[in-house]
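Take the sequences, apply the hints, and build the full model.
Position one of the sequence shown corresponds to residue 1 (UniProt numbering), numbered consecutively onward.
Any given hint could turn out to be false.
Under the rule of at most 25 Å between Cα atoms (straight-line distance), these lysine-lysine pairs were calculated in the DSS-like manner [as the list claims (entries may be wrong)]:
1. K90 to K77
2. K59 to K35
3. K77 to K66
Hint data in this document are derived by calculation from the structure and do not stem from the laboratory.
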Amino acid sequence: MLTNGYLKSIAIVLVALLCMTVFVQHVQNTNLKEKLNTAIEVAESVQHTVSSMQEQNQKMAKQYVKQQMEYENAQAKVSQLERDLADSSKRLHVNATCRKPVPAKSSSSSVDDERAPELTRDAEQSYLRLRQQITTITAQVNGLRSYIEALPSECVAK
Numbered sequence: 001m002l003t004n005g006y007l008k009s010i011a012i013v014l015v016a017l018l019c020m021t022v023f024v025q026h027v028q029n030t031n032l033k034e035k036l037n038t039a040i041e042v043a044e045s046v047q048h049t050v051s052s053m054q055e056q057n058q059k060m061a062k063q064y065v066k067q068q069m070e071y072e073n074a075q076a077k078v079s080q081l082e083r084d085l086a087d088s089s090k091r092l093h094v095n096a097t098c099r100k101p102v103p104a105k106s107s108s109s110s111v112d113d114e115r116a117p118e119l120t121r122d123a124e125q126s127y128l129r130l131r132q133q134i135t136t137i138t139a140q141v142n143g144l145r146s147y148i149e150a151l152p153s154e155c156v157a158k
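Set out below in structure tokens:
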């Protein structure tokens, strides 16, 4: 049958296999824990980046709404000025000189000589168009400046 020495050898081999299995499992568990920790760090970093981007998007959205409101208010002022000029509740005052001197009241040949110089309707429209364009450009420049100032420092070239 089986001798005592033979049983001891089998027992030693089984204990050695058991120890090797425990050691291998321990190494595998350590490797898995390291991978898990790395994955958690990456996930936290990604979450931080996403949160930062969401905050930045919210700031940009608020800035856009503010700039849009300023632009619309400026447009409304120009439109109101245009309506006021059309119904004569306001007038454009231009520092102008007449090429032909206006004679004093000594001559009654023309009533037009006593009127102040005025802009033609085309000149008024050109003035309003220019005001509209200035308003638009100013709003665009201010919006771009605000956008650039609101960008994170790592996004702006130095």
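Tested hints:
Simply put, K90 and K77 have alpha-carbon atoms about 13 Å apart, close enough for the 25 Å limit, and the pair holds. Between K59 and K35, the direct Cα distance comes to roughly 36 Å. Violation of the 25 Å bound is thereby established for this hinted pair. Of the pairs offered as hints, the one joining K77 and K66 holds, with about 17 Å between alpha carbons and a cut-off of 25 Å not exceeded.
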